[in-house]
Amino acid sequence: MKRYLLPLLVFLVLVGFFAVGLNLNPREVPSALIGKPVPAFSLPRLDDASQKFAAEDMKGKVWVINVWASWCAPCRQEHPLVNEMVKLGGAPVVGLNYKDKPENARAWLTELGNPFVANVSDIEGLVGIEFGVYGVPETFVIDQAGVIRLKHIGPLTPEALRDKILPMLKTLGGTLGGTPSA
Amino acid sequence: MSCAATLAAAQVASPQAPSTFADPVLEARVLAIAEELRCLVCQNETIAASHADLAVDLRKQIRTKLTQGQSQAQILDFMAERYGDFVLYRPRWKASTVMLWAGPFALLLVAFTALAMNIRRRRQSVVKTELTPAEIERARRLLDGTAAASSATRTPPTP
Numbered sequence: 001m002k003r004y005l006l007p008l009l010v011f012l013v014l015v016g017f018f019a020v021g022l023n024l025n026p027r028e029v030p031s032a033l034i035g036k037p038v039p040a041f042s043l044p045r046l047d048d049a050s051q052k053f054a055a056e057d058m059k060g061k062v063w064v065i066n067v068w069a070s071w072c073a074p075c076r077q078e079h080p081l082v083n084e085m086v087k088l089g090g091a092p093v094v095g096l097n098y099k100d101k102p103e104n105a106r107a108w109l110t111e112l113g114n115p116f117v118a119n120v121s122d123i124e125g126l127v128g129i130e131f132g133v134y135g136v137p138e139t140f141v142i143d144q145a146g147v148i149r150l151k152h153i154g155p156l157t158p159e160a161l162r163d164k165i166l167p168m169l170k171t172l173g174g175t176l177g178g179t180p181s182a
Numbered sequence: 183m184s185c186a187a188t189l190a191a192a193q194v195a196s197p198q199a200p201s202t203f204a205d206p207v208l209e210a211r212v213l214a215i216a217e218e219l220r221c222l223v224c225q226n227e228t229i230a231a232s233h234a235d236l237a238v239d240l241r242k243q244i245r246t247k248l249t250q251g252q253s254q255a256q257i258l259d260f261m262a263e264r265y266g267d268f269v270l271y272r273p274r275w276k277a278s279t280v281m282l283w284a285g286p287f288a289l290l291l292v293a294f295t296a297l298a299m300n301i302r303r304r305r306q307s308v309v310k311t312e313l314t315p316a317e318i319e320r321a322r323r324l325l326d327g328t329a330a331a332s333s334a335t336r337t338p339p340t341p
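Which chain is which? The protein sequence lines are A and B, in order.
Reminder that position 169 of the first sequence reads as 169 in this note's numbering, one-by-one numbering, no gaps.
Quick note: to get this note's numbering, add 182 to the position in the second sequence (first position is 1).
You may find that some hints are simply not true.
Said to hold, decoys possible - Computed cross-link-like contacts, DSS-like style, restricted to lysine-lysine with a CA-CA straight-line distance of at most 30 Å:
no. : chain 1 : residue 1 : chain 2 : residue 2
1   : A       : Lys36     : B       : Lys242
2   : A       : Lys101    : B       : Lys247
3   : A       : Lys170    : A       : Lys2
4   : A       : Lys36     : A       : Lys61
5   : A       : Lys87     : A       : Lys101
6   : A       : Lys2      : A       : Lys59
7   : B       : Lys276    : A       : Lys36
8   : A       : Lys87     : A       : Lys52
9   : A       : Lys61     : A       : Lys99
10  : A       : Lys2      : A       : Lys87
11  : A       : Lys99     : A       : Lys87
12  : B       : Lys247    : A       : Lys52
13  : A       : Lys36     : A       : Lys2
14  : B       : Lys247    : A       : Lys99
15  : A       : Lys36     : A       : Lys170
16  : A       : Lys101    : B       : Lys242
17  : A       : Lys36     : A       : Lys59
18  : A       : Lys2      : A       : Lys52
19  : A       : Lys87     : A       : Lys61
20  : B       : Lys247    : A       : Lys36
21  : B       : Lys242    : A       : Lys52
22  : A       : Lys99     : B       : Lys276
23  : A       : Lys61     : A       : Lys170
Rather than coming from a laboratory, the hints here were simulated on the basis of the structure.
Computed from a predicted model, the values in this text were never measured in an experiment.
Model the full structure from these sequences, guided by the hints.
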């Protein structure tokens, strides 16, 4: 009796491993930066290239970085959800315009609307590399201490907003209704 | 159209525009390191082989860092810090990867041990079994019966 059970047991163990493994998505590479400080960057603003915007400017606030580009179709799709995130999450969203032409990016924002508190131009994509960006769009949530707490890969979805991003923003204590004056 | 014009302008405007064949030794080192890294966009390709924009950017980074004097280990660390261990083709030796590295050898060891034990057990059981005198007698009669029947008419052997 025992000898017949052994292969069955081995098979069931294998089924267990496959059940877990096959449900994972290899395109979603977990971020190595969760729990690490946000990369210090200082880039020219999209609206005024002579002005710089730095990660440091957001110190002490809970904030979100959304990596986007005008040539990226899913970014266009997620844009209404970015608006949602700004409205419901209460945290300021900074746009990282990745490997794009500033003119195209500005035109894109004029067409679709600009919910971002600021946009920066990462023309070479070097800051993107610091963030471990490997595709567009991606979204990062950063806490008041400047630590990356969440990375969302791909366009925002209602489920991702509802189940991951908004709860995280709430936990971190972002203020409702826009940036605090402090 | 305008592409050729801008290309020509770029070549005039940027004096360095480093040709990738300017320093074959450097390029060989870049590729050696790039072959240790997985392209996260085309995940079955190395950064050396992939044509994805990200791969081009990362090869540029590798080249820059090599000219700055960084070592292969430092560059691989840089990549793994930002992109995670998945970007390395050779997983690091860590608590979480011990099973990955040692697992196959461990399983092989288990299999060989099971095989050895099985063989030993079977050999012992063969040695232990002996025919009883009644079985020896029956065997002899059967053998004699078939020997006689094959030379004469076919009669069934007497049990």
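Outcome of the hint check:
For the suggested pair Lys36 (chain A) and Lys242 (chain B), the alpha carbons sit about 25 Å apart, so the restraint of at most 30 Å is met. Between Lys101 (chain A) and Lys247 (chain B), the direct Cα distance comes to roughly 26 Å. Compliance with the 30 Å bound is thereby established for this hinted pair. Using a Cα cut-off of 30 Å, the hinted pair Lys170 (chain A) and Lys2 (chain A) is violated, with the two alpha carbons roughly 54 Å apart. Distance hint between Lys36 (chain A) and Lys61 (chain A) is fulfilled; the C-alpha atoms sit about 16 Å from each other, no more than 30 Å.
The straight-line distance between the Cα atoms of Lys87 (chain A) and Lys101 (chain A) is roughly 28 Å, inside the 30 Å bound, and the hint therefore holds. Taking the CA atoms of Lys2 (chain A) and Lys59 (chain A), the gap is near 63 Å; set against the 30 Å cutoff, the hint is violated. The straight-line distance between the Cα atoms of Lys276 (chain B) and Lys36 (chain A) is roughly 20 Å, inside the 30 Å bound, and the hint therefore holds. Between Lys87 (chain A) and Lys52 (chain A), the direct Cα distance comes to roughly 26 Å. Compliance with the 30 Å bound is thereby established for this hinted pair.
In summary, the hint linking Lys61 (chain A) to Lys99 (chain A) is supported, as the alpha carbons are separated by about 27 Å, within the 30 Å threshold. Pair hint Lys2 (chain A) plus Lys87 (chain A) does not hold up; C-alpha atoms about 62 Å apart against a cutoff of 30 Å. Proposed proximity of Lys99 (chain A) and Lys87 (chain A) is supported: the alpha carbons are some 27 Å apart, at most 30 Å. Straight-line distance between C-alpha atoms of Lys247 (chain B) and Lys52 (chain A) comes to about 26 Å, which keeps the hinted pair within the 30 Å bound.
With a C-alpha separation of about 51 Å, the suggested pair Lys36 (chain A) and Lys2 (chain A) falls outside the 30 Å cut-off, and the hint is violated. For the proposed pair Lys247 (chain B) and Lys99 (chain A), the alpha carbon gap of about 21 Å is at most 30 Å, so the pair holds. The straight-line distance between the Cα atoms of Lys36 (chain A) and Lys170 (chain A) is roughly 20 Å, inside the 30 Å bound, and the hint therefore holds. For the hint linking Lys101 (chain A) to Lys242 (chain B), the alpha-carbon distance of about 20 Å falls within 30 Å, and the restraint holds.
For the hint pairing Lys36 (chain A) with Lys59 (chain A), the CA-to-CA distance comes to about 14 Å; that is within 30 Å, so the pair holds. Of the supplied pair hints, the one linking Lys2 (chain A) and Lys52 (chain A) is violated, its CA atoms being roughly 72 Å apart against a limit of 30 Å. The hinted pair formed by Lys87 (chain A) and Lys61 (chain A) meets the criterion: a straight-line CA distance of about 16 Å does not exceed 30 Å. Annotation: proposed proximity of Lys247 (chain B) to Lys36 (chain A) holds, straight-line Cα distance about 23 Å (limit 30 Å).
Pair hint Lys242 (chain B) plus Lys52 (chain A) holds up; C-alpha atoms about 25 Å apart against a cutoff of 30 Å. Taking the CA atoms of Lys99 (chain A) and Lys276 (chain B), the gap is about 35 Å. The hint is violated against a cut of 30 Å. Annotation: proposed proximity of Lys61 (chain A) to Lys170 (chain A) holds, straight-line Cα distance about 13 Å (limit 30 Å).
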